Amino acid sequence: MSIDLAAVLHDVVDRGRPDGPAPVDVPRVRAQARRRRAVHLGARGAVGVGAAGAVALGAVHLAGARDGRTVLPSDPDAAPGECGSSVAGLGRTPDPTLGLARSSWSAPGFPATASGPGAVPGPGDLGTYVGREVWVQAVSSRPQDGAGEPATELSSLQDTLALVEQGYTDRLAARAAGKDVSQDELDERAETVAALQASIDARVADGEVPPATPAVAQVRVLVTHGERVVATAVLPEEGTSDAVAVWNRATSGLLSEQVRLGLVTCTVDGVGGDPLPAGTYEVVVARGGGPLTSASGPWTLTIPPHASAASGLPGDFPVDAVPMPPGTVLAVAGDAAAGWTVELDVAGDDRLFVAADLLTALDGAKEEGRDPLGVTVDVPGWFVEIHPGDEGDETSLFYEVRPR
Amino acid sequence: MAAWDQVLDDLVQVRGHALARYAALLTGDRDTAEDLLHDALVRCFGQARPLRDAVAAEAYVRRAILTAFLDGQRRRTRWAAVRHLVIRRETVDGPEPAVVERVSVEAALGMLRPRLRACVVLRFYDDLTVPEVARRLGLAEGTVKRYLSDAVGQLEDVLGPVSTGTDRHESVTVEEAR
Chain A
891 MSIDLAAVLH DVVDRGRPDG PAPVDVPRVR AQARRRRAVH LGARGAVGVG AAGAVALGAV
951 HLAGARDGRT VLPSDPDAAP GECGSSVAGL GRTPDPTLGL ARSSWSAPGF PATASGPGAV
1011 PGPGDLGTYV GREVWVQAVS SRPQDGAGEP ATELSSLQDT LALVEQGYTD RLAARAAGKD
1071 VSQDELDERA ETVAALQASI DARVADGEVP PATPAVAQVR VLVTHGERVV ATAVLPEEGT
1131 SDAVAVWNRA TSGLLSEQVR LGLVTCTVDG VGGDPLPAGT YEVVVARGGG PLTSASGPWT
1191 LTIPPHASAA SGLPGDFPVD AVPMPPGTVL AVAGDAAAGW TVELDVAGDD RLFVAADLLT
1251 ALDGAKEEGR DPLGVTVDVP GWFVEIHPGD EGDETSLFYE VRPR
Chain B
-2 MAAWDQVLDD LVQVRGHALA RYAALLTGDR DTAEDLLHDA LVRCFGQARP LRDAVAAEAY
58 VRRAILTAFL DGQRRRTRWA AVRHLVIRRE TVDGPEPAVV ERVSVEAALG MLRPRLRACV
118 VLRFYDDLTV PEVARRLGLA EGTVKRYLSD AVGQLEDVLG PVSTGTDRHE SVTVEEAR
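If you read the sequences in order, they're chains A and B.
Every number in our numbering is 890 more than the matching position in the first sequence, counting from 1.
With the first letter of the second sequence counted as 1, position 110 gets the number 107 in our numbering; the numbers rise by one all the way through.
Only chain B is shown next, with the shape it has when bound in the complex:
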């Protein structure tokens, strides 16, 4: 088995579900997320020089997921067609509080416009700084701040108060912008 084959196997076995869930944060549904993950893996491991470093592979694949997601949004409005089908889990019978938060946040994320969702995921999952988010998305920093502010505002409309963390708070300037 070639080195990249092994890296692919290891990555999917160890982090495959996490990557699919990451993609689902962006897409809002698991089926589309798995398609996105599939495409990202093919893209990353189909290069003339595919990934041979297991540590770097996950980051590359996450980035490819984001790029493919953004590109897909440019060409189709698939999400708009299915969004109403996905936002359906706001009432759950008797789960643990953490699960309530998780399901609610996933559902609330689904109501955001794709670009706002991407900003939230990059900022609060990937822990990127605002300038890094801006670079990754090809946006001005001010635009990212505005998107994050709008996103957090819309999430709070659904979820109630949302903590974005003290350190993030200053650089995101959510409060200032709202």
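Only chain A is shown next, with the shape it has when bound in the complex:
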């Protein structure tokens, strides 16, 4: 007698006995889903936590070759830490209270460093990136920054509320400026604000006391090559509201904040803005905006050689409607009627979001979902899903392209 595999599996799943209480904590699922929705709404506000839009700009230009002849900035008269300055005399040692780590905003799937137990991340590899911008995490454990107290559900709710309120305000301002902002969108944001506020009020009424709001810390991140500063970023970014600029408190008690780092040359005498050439760079981080005497680091960051545009796609593949980042086509199957599956080899930890940004930059494109597990985008005529490779093929992107 043989076992009918399909019948047994259906029996296992669908006719199993009731197993007591619900398998998940529904209120907790609902609260986390609501929070996640709130963050979605906040992130899409004009505040622009901004990853999507900002990276999109970089990705649009991705097809432009990184020019190996780019002249890196050099300014012998620049003060230490300024663009083109020498870092030869700068103390560069790890600061146990300030560090850098990869960010899941640019390296999908990379765990949030600050959320785990342990200390500030020390010098190491920040990854390989093909986009013109990269997000990295700055992490602080310094009490003066407000570090030390662990995040709580209440503090997290308050942080989320601040972001969503800012997003709501910005959308109101956008509508007043003539932008297309629907009343439904505003109403939904208002409902979210009210729901978050109610949750906070209830917890406060129960006697919960949140940790103090962290400080808006000032930090400089310097990308160096050959002992010269070739690219820089600062926190807080100019024009950023406090709601966005305040660092995030983790349950570990560490604070973290995302740093948007342009992988383009900084400007000396009006010259700059060119993509950094392929190579390995050193990255250091320092506190404050004054004269620089020392910095924490160095970390390393790699920009791979420019790849040629993907070739080997079928003649009827919609290359204009479904642009792909430069890379190598490993496998392709399908046709225009049924759609295609494509496996593409693309270097870079940021390959998923770079690929997604190429699609969302198209006129008429609509992003349906984006997280480290994959991206779904509606582009004119096609429905596209992209997900990163697994089981060791860490440079693969898998595309599913279906007619709409």
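Since the hints were made in silico from the structure, they are not lab data.
It cannot be assumed that every hint is accurate.
Unchecked claim - Under 7 Å between C-beta atoms, here's a sample of chain B residues computed to sit facing chain A:
no., residue
1, L38
2, Y57
3, T161
Unchecked claim - To give an idea of the chain A side of the interface with chain B (calculated C-beta under 10 Å), a few residues:
no., residue
4, D901
5, D904
6, V916
7, R920
8, T1218
9, V1219
10, A1226
11, A1227
12, G1229
13, E1233
14, E1290
15, R1294
Values in this document were obtained by computation on a predicted structure and should not be read as measured data.
Virtual Cβ for every residue (Gly too), placed ideally from N, Cα, C.
Fit chain B to the known structure of chain A by using the hints.
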């Protein structure tokens, strides 16, 4: 209560245990499966446009479970660490034959590599065709056929003869590949 709240409640109440058992087919243990289900629900209902269609919701959540499972396998080898603890129910005192089959198949599934397990679940529970399994997992059809062939072979080593159904048999080409 918002529409998506209601869909979430209904889904968990009516199909929550089935979804957890589905996840357990992939993970091999119930605790991890419930974590996976939790994450999948948050992901599906935490979108800016969460699910409002109860009929579609279960399929979306199953898909999210699979995606989260595969992604998790990429980053950790948790299953490898606990597998020996899970494969323990091959002898059961006096249950009904159907229960024996169920427990044995669950245990045998647990011995498969995660990718093979995913192929088996998609093929024989979700009733997807080989090309559909290939698309869902981002694999070539030939790879899926080979995985299914290997999986069925390994299951038969433990369970004895396994019927994969006549219609499935041809498209899976288990016999041809072995």
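Hint-by-hint comparison with the structure:
Interface restraint check for B/L38: the shortest CB-CB distance to chain A comes to about 5 Å, inside 7 Å, so the restraint holds. The beta carbon of B/Y57 comes no nearer than 10 Å to any beta carbon in chain A, farther than 7 Å, and the hint placing it at the interface is violated. For B/T161, the interface hint holds, since its Cβ comes within 7 Å of a Cβ in chain A; the closest pair sits about 6 Å apart. At its closest, the beta carbon of A/D901 sits 6 Å from a beta carbon of chain B; the interface hint therefore holds under the 10 Å criterion.
Evaluation of the A/D904 hint against chain B yields a held restraint, the C-beta minimum of about 6 Å falling below 10 Å. Taken as an interface hint, A/V916 checks out: its beta carbon lies about 5 Å from the nearest beta carbon of chain B, inside 10 Å. Interface restraint check: A/R920 against chain B, minimum CB-CB distance 6 Å, threshold 10 Å, status holds. Checking A/T1218 against chain B: minimum C-beta separation of about 16 Å lies over 10 Å; hint violated.
For A/V1219, the interface hint is violated, the least distance from its beta-carbon to any beta-carbon of chain B being 13 Å, above 10 Å. Interface restraint check: A/A1226 against chain B, minimum CB-CB distance 16 Å, threshold 10 Å, status violated. For A/A1227, the shortest C-beta to C-beta distance to chain B is roughly 14 Å, which exceeds 10 Å, and the interface hint is violated. Here the hint on A/G1229 is kept, as its CB sits about 9 Å from the closest CB of chain B, short of 10 Å.
Taking 10 Å as the C-beta cut-off, the interface hint given for A/E1233 holds, the closest approach to chain B being about 7 Å. Residue-level restraint check for A/E1290 holds (minimum Cβ-Cβ distance to chain B is 6 Å; threshold 10 Å). Because the smallest distance between the Cβ of A/R1294 and any Cβ of chain B comes to about 16 Å, over 10 Å, the interface hint for this residue is violated.
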